[in-house]
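In this note's numbering, the protein residues as written are 1 to 269.
Derived by calculation from the structure, the hints in this document are not laboratory data. Keep in mind that the hints are not guaranteed to be accurate.
Straight-line C-alpha distance at most 20 angstroms; calculated SDA-like pairs for lysine to any residue [said to hold, decoys possible]:
| # | residue 1 | residue 2 |
| --- | --- | --- |
| 1 | Lys11 | Thr260 |
| 2 | Lys125 | Gly145 |
| 3 | Lys122 | Ala25 |
| 4 | Lys11 | Arg211 |
| 5 | Lys71 | Glu111 |
| 6 | Lys11 | Asp240 |
| 7 | Lys51 | Asp242 |
| 8 | Lys92 | Ala25 |
| 9 | Lys11 | Gly145 |
| 10 | Lys175 | Arg211 |
| 11 | Lys241 | Glu150 |
| 12 | Lys175 | Lys51 |
| 13 | Lys11 | His152 |
| 14 | Lys175 | Ala10 |
| 15 | Lys61 | Leu41 |
| 16 | Lys241 | Phe254 |
| 17 | Lys241 | Gln155 |
| 18 | Lys175 | Lys125 |
| 19 | Lys265 | Arg231 |
| 20 | Lys71 | Lys122 |
Quantities reported herein were computed from a predicted structural model and do not represent experimental measurements.
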Amino acid sequence: MTTHLETLAAKGVAHVPYEPELRQAVADTLQLWQDFVELPLEDKQHYLATKASDWLGYEIKDGSGPHGDRKQNFDISASYPQPGLDQDPFIKNSYELSVVMAQKAQQVAQEIGAQYDIDQLKTIKLEDIEAFVRFLYYPGHRQVGDLFGEPHTDQSGMTFHLAETSDGCERLDPKTREWLPMPVDETEGLLFGAMQLQLLSNGEIPALCHRIRTNQETASVGRYAVVCFVRFLGDVPLYDKDKHGRLQERTPGFNYDLSTEEFAKLFTK
């Protein structure tokens, strides 16, 4: 199945067709996530994200702060240390999905390396990929047009937008600076660049600024989604959040016009 990666530079996003097995795994796990959200809080607290678990697991956020999110989310990767893989079907399936997505990310990263002549990605190994699958639930009781998610770029290397129960994700076009819809469907996901990929490509592939708005449906009942953040390890620097702050607090599209030299100053050495 062909991924048209040339649009990563032109539009900031590319369509990624699903293999049948991956399509089914995403659909099944999204349904299990919806069931998990409905569990009593005391049941979900068994899987709380903590420092000891490298912050993998369940979180509930109250939206405090000027750019805070009100949501529930669950992060998991192949290094997830918690028990329960054989006890809870959501935990088991999400863990298996994270393993598959790490392999998918390696394949796509190598294709990007070949397409854009990025040496660090051309032969990237599986151990130099860390894929975090994030399950999201944004509760309803909002006004139509409210923001579920503030405009931001992602810190990691690239992001797969895998599934959603309703649209509402929008991208800030790197050329026109218009907010444009970015829906996904059951046959394919979306891929967009994050901070590390803009760095590695010397600005050719922008870290895509995106946001999530309510629509007539989600303002009432809320929204579920599945994404996968892919971090490049090894000698690829990370965005220095401690020094430069949360990306949600920056002007949308701030990175689109930065020179490669100025952009590189945002990263750890």
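Indices of hints not satisfied (ascending): Per hint list: 2, 3, 5, 6, 9, 12, 18 and 20 violated.
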